[in-house]
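Number of protein chains: 2
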Amino acid sequence: MPEKTIDRRTLLASLATSAAGVALSQHSSAGTRVAADSHGIKNWDIITDVLVAGSGAAGISAAIDARRGGADVLVVEKLNKLGGSSALSGGVIYAGGGTALQKALGFTDSVESMYHYIAHSGRKHPHLDKIQRYCEQSVAHFDWLVDNGVPYNKLFSDGKGLGFDEASLYYSGSEEAWPWRDECRPAPRGHVPWEKGHQGGKRLMRSLLASAKKLGVKTQKRVSGERLVVESDGRVTGMLVDIRGERMAIKAKRGIVLACGGFIHNREMVKLYAPELYDCSVPWANAGDLGIGIQMGMGAGAGALRMDQGFAIGPIYPPENTIAGIAVNQMGQRLTSEEGYHAVMGNVVTYKQDGIAYFICDKDSDRPQGDDNQPLVAKANTIKELEQKAGFPVGSLQMSVNYYNEHAKNGEDPMFHKSKKYLSPIDKPPFKVYDLSVDKTMYSSHTFGGLHTNVDSQVINVWGEVINGLYAAGRNTSGLPTSPYIASGISVGDCTFFGRQAGQHAAANKS
Amino acid sequence: MPEKTIDRRTLLASLATSAAGVALSQHSSAGTRVAADSHGIKNWDIITDVLVAGSGAAGISAAIDARRGGADVLVVEKLNKLGGSSALSGGVIYAGGGTALQKALGFTDSVESMYHYIAHSGRKHPHLDKIQRYCEQSVAHFDWLVDNGVPYNKLFSDGKGLGFDEASLYYSGSEEAWPWRDECRPAPRGHVPWEKGHQGGKRLMRSLLASAKKLGVKTQKRVSGERLVVESDGRVTGMLVDIRGERMAIKAKRGIVLACGGFIHNREMVKLYAPELYDCSVPWANAGDLGIGIQMGMGAGAGALRMDQGFAIGPIYPPENTIAGIAVNQMGQRLTSEEGYHAVMGNVVTYKQDGIAYFICDKDSDRPQGDDNQPLVAKANTIKELEQKAGFPVGSLQMSVNYYNEHAKNGEDPMFHKSKKYLSPIDKPPFKVYDLSVDKTMYSSHTFGGLHTNVDSQVINVWGEVINGLYAAGRNTSGLPTSPYIASGISVGDCTFFGRQAGQHAAANKS
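Heads up: the protein sequence lines correspond to chains A and W, in order. First residue of the first sequence? That's 1 in the working numbering, and the numbers climb one at a time after it. First residue of the second sequence? That's 1 in the working numbering, and the numbers climb one at a time after it.
Incorrect hints may appear among the rest.
Put simply, identical chains are the same to the list, so a pair is met inside one copy or across any two.
[Said to hold, decoys possible] In silico EDC-like links for lysine to aspartate or glutamate, alpha-carbon gap of 20 Å or less: (1) Lys409 / Asp435; (2) Lys271 / Asp435; (3) Lys421 / Asp158; (4) Lys440 / Asp182; (5) Lys271 / Asp129; (6) Lys124 / Glu112; (7) Lys409 / Glu385; (8) Lys154 / Glu166; (9) Lys214 / Glu183; (10) Lys213 / Asp372; (11) Lys352 / Asp279; (12) Lys124 / Asp439; (13) Lys103 / Glu166; (14) Lys510 / Asp233; (15) Lys428 / Asp158; (16) Lys384 / Glu412; (17) Lys124 / Asp279; (18) Lys271 / Glu465.
None of these hints come from the bench; they were simulated from the model.
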């Protein structure tokens with residue numbers, strides 16, 4: 001249904017949470033990257049306590065908690081639909097330490113195990129302070145989701161990958177793969193919203209949006225943030241926005257929360273900041289992920305961290321039979337355990353192999369017939385012939401396959417410790433090579449780099465100082481997700497949790 | 001000799017290039033990250049046409065060309081010595097396309113070969129526009145160096161690594177290694193300043209500093225940049241500095257050039273922005289590489305690109321006999337050609353192997369006695385025993401060494417095409433494993449990430465717009481150097497060349 005047309009006066013009246021039309025303060029012309037007055041704007045068009053840019057999981061979680069904190073809240077969304085990339089996702093929340101759902105299904109977990117897994121299985125030097133708060137408050141955070149109407153089904157799935165059945169709990173990362181199974185007690189931590197006929201992300205966002213509405217959060221679609229208004233003392237007090245073609249100024253008395261996603265669809269920005277992700281074939285996020293929030297924050301002097309990092313996957317499973325095959329680089333060398341979380345393999349290919357890799361299988365570990373996601377490179381009745389046809393260095397692939405087979409037949413994998421159930425020799429012709437390269441197979445990607453924030457979701461400038469009045473969450477920030485991405489649910493989990501921190505602290509920021 | 005004490009009045013008189021003491025313009029309180037007036041500063045203490053922060057190769061090259069462009073130029077240096085990290089370097093300039101020195105020594109080269117090598121041997125999606133201008137103007141740039149008194153000796157060295165002899169021309173990268181030797185015609189492009197008893201970097205900077213002085217460039221040590229002054233229309237017009245403990249304001253009528261190096265000594269910044277480099281054992285740059293210029297630029301809204309990238313090396317040669325050994329990862333898999341440029345191997349270890357690698361050798365390819373740079377992990381009389389002692393997966397190292405030996409004895413290397421002269425089987429006991437890991441061996445590192453600039457060295461903000469009045473060069477910017485760093489001389493070459501662009505354009509910026 002088309003958005004109904006409303007006139008400017010009606011629109012403003014519907015959005016202002018206190019008297020609008022007030023003159024911009026003398027200082028607000030000190031806008032960082034833009035002089036507000038030079039764009040013909042002299043007055044605040046809209047005034048609210050807390051302004052949230054973006055209506056995904058981060059933005060709506062911020063809005064809910066800011067509203068609960070007593071603030072008037074306005075959420076602006078660039079697109080014509082609320083929900084952000086979160087609504088397109090699986091909606092998985094990575095939660096643990098003994099959530100109500102884990103307990104109800106008989107699993108024990110600890111904050112320590114969860115912390116250890118997140119802190120040590122991703123990239124070097126993650127944000128430990130954020131991981132700690134996230135793990136310590138995870139049980140309460142799951143209760144918050146339930147309180148906001150997100151439905152979970154008391155059913156566990158032991159399948160690999162996001163359950164397509166009715167289960168709401170599963171192992172969403174590599175917790176059961178070596179070395180994690182030995183280093184920290186595995187527990188299923190992927191919490192999936194469930195309701196018959198609904199996909200997780202849609203279901204999550206429907207609940208959160210309904211909760212926000214009930215609390216009195218105002219939302220407005222087709223409003224795009226453009227520049228922040230920065231006072232001469234560094235405080236952020238407002239945002240210049242484009243409302244259906246008109247530039248307007250919104251004042252936020254308590255704070256602005258930037259929560260409008262990553263930048264995978266801003267291709268120039270991806271090429272400049274995250275060159276490895278640029279070659280991945282499928283940018284995978286809501287069309288609004290244009291980096292606008294990150295730009296506005298950087299324009300106000302914020303630091304932006306880990307801008308090269310992102311999510312990159314070209315799954316080799318499902319189906320599970322393919323896990324018995326092996327992934328190799330151009331030299332025929334095996335890369336990692338094929339049973340690990342998709343994005344761990346994806347990270348190795350994207351960042352550590354210049355985007356180039358191959359999948360080697362026999363008849364039993366072959367891909368499903370008719371699946372054309374991964375192009376067939378070569379097919380042969382011997383590994384030697386396969387190696388030659390596919391152009392691997394002479395003897396290299398034979399060496400890797402022989403080594404793998406020799407140990408697989410004993411149920412062993414000395415290099416990568418793949419679980420016994422996935423180990424069987426690659427010895428039943430025909431043998432095949434599929435292309436796993438990021439620009440050849442269907443390779444999905446989005447970005448993880450973003451604004452530097454502290455555990456309260458305050459935005460930090462390049463000197464390490466708090467930018468007063470400015471908050472950010474989700475993929476506008478550098479948060480829990482790293483390359484490699486270690487489990488489904490870390491990103492949306494981070495969005496909801498740190499969105500809430502932003503909302504709570506912005507609401508309390510009465511200066 | 002201690003810096004002599006001078007009073008404030010004398011200092012200011014010596015630095016101001018036109019009337020100082022002028023009131024800060026009304027707009028300058030619109031400083032991005034700082035309100036100039038809030039720090040008690042109401043007046044410009046010093047006024048110049050072009051202000052350059054940093055006295056290394058980038059800053060002094062900028063100063064020379066700005067002065068030649070008719071501007072009054074003031075260079076400020078944080079430390080008590082001029083020359084920056086460039087003076088600590090080998091002083092190599094990567095130049096080609098048929099420089100006077102190449103021609104004099106009988107080498108032919110082309111802009112196309114040089115462009116191809118730089119554009120394709122480094123990381124994905126380099127800044128092609130910069131590479132193009134650099135290569136097209138390389139012959140003239142070399143002449144400029146000579147004109148400024150940098151001495152070169154008409155002697156070529158075919159040794160690996162920076163020549164310690166009297167030669168001024170050598171192969172400073174992997175031009176002769178596969179696949180580059182086949183893809184683009186190799187030519188020696190490492191141009192080393194030479195004078196008896198002088199190290200290259202010192203010699204380079206002594207010449208450039210002398211040339212700058214002769215032209216009338218003013219320099220002042222122990223002056224540290226702190227914040228930029230940004231007008232409400234976005235123009236950068238000044239810099240707040242710390243001069244021996246006092247904060248002062250310097251106005252630059254035509255432009256400011258940020259050229260004060262990378263950020264390897266700002267450890268918090270390295271951990272946040274370049275986590276892989278954080279673990280390298282030896283931060284290798286002048287003590288002033290604290291990221292101050294990058295911070296000032298970002299504080300004014302500039303984009304900062306490739307902040308994770310850097311230079312990382314733990315050389316396995318010289319001596320050349322060690323090149324016959326092999327470098328492997330934790331799985332015993334070989335990594336790359338051992339004859340490639342140090343930093344290519346360093347990049348693989350640092351960024352693609354989580355910082356962990358090992359060097360495998362026999363009696364003939366062993367490290368020199370008494371060299372304790374790389375810790376000995378294990379020693380044995382058979383590869384099987386060595387593998388066991390060092391803890392490689394069972395059979396893995398034997399597999400790699402057998403494969404390598406089998407082909408090496410025929411003078412072949414099917415995986416990495418190491419040159420025949422470096423190929424000999426690893427079969428003479430005792431066999432050894434040395435630790436090549438970034439935190440175990442002497443691993444040098446510095447940063448390559450920095451401000452986004454265009455080919456004229458104008459600083460670009462996060463929206464892709466030019467920040468008027470602001471220029472940057474060298475390791476304050478994201479320029480030609482990438483991870484992997486592909487040849488000695490790319491960084492100092494980039495500093496001098498794009499420093500000049502900055503100086504020329506700033507001098508011409510009379511608004």
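Hints, verified against the model:
1. Lys409 / Asp435: Intra 26 Å, inter 33 Å, cutoff 20 Å: neither.
2. Lys271 / Asp435: For Lys271 and Asp435, neither the intra-copy (23 Å) nor the inter-copy (35 Å) Cα distance is at most 20 Å.
3. Lys421 / Asp158: within (14 Å within a copy, 55 Å between copies)
4. Lys440 / Asp182: Neither. Shortest intra-copy (35 Å) and inter-copy (26 Å) distances fail the 20 Å Cα cut-off.
5. Lys271 / Asp129: Only across copies: Lys271 and Asp129 sit 14 Å apart there, 30 Å inside one copy, limit 20 Å.
6. Lys124 / Glu112: For Lys124 and Glu112, only the intra-copy Cα distance (19 Å) is at most 20 Å; the inter-copy one is 39 Å.
7. Lys409 / Glu385: Neither way: Lys409 and Glu385 sit 22 Å apart in one copy and 24 Å across, limit 20 Å.
8. Lys154 / Glu166: within (9 Å within a copy, 77 Å between copies)
9. Lys214 / Glu183: Result: close neither inside a copy nor across copies, 44 Å intra and 65 Å inter.
10. Lys213 / Asp372: Answer is neither: 43 Å inside a copy and 67 Å across each miss the 20 Å cutoff.
11. Lys352 / Asp279: both (14 Å within a copy, 18 Å between copies)
12. Lys124 / Asp439: between (26 Å within a copy, 13 Å between copies)
13. Lys103 / Glu166: within (18 Å within a copy, 74 Å between copies)
14. Lys510 / Asp233: within (16 Å within a copy, 30 Å between copies)
15. Lys428 / Asp158: neither (28 Å within a copy, 52 Å between copies)
16. Lys384 / Glu412: between (23 Å within a copy, 19 Å between copies)
17. Lys124 / Asp279: Between. Shortest inter-copy distance 9 Å satisfies the 20 Å Cα cut-off; intra-copy 23 Å does not.
18. Lys271 / Glu465: For Lys271 and Glu465, only the inter-copy Cα distance (16 Å) is at most 20 Å; the intra-copy one is 29 Å.
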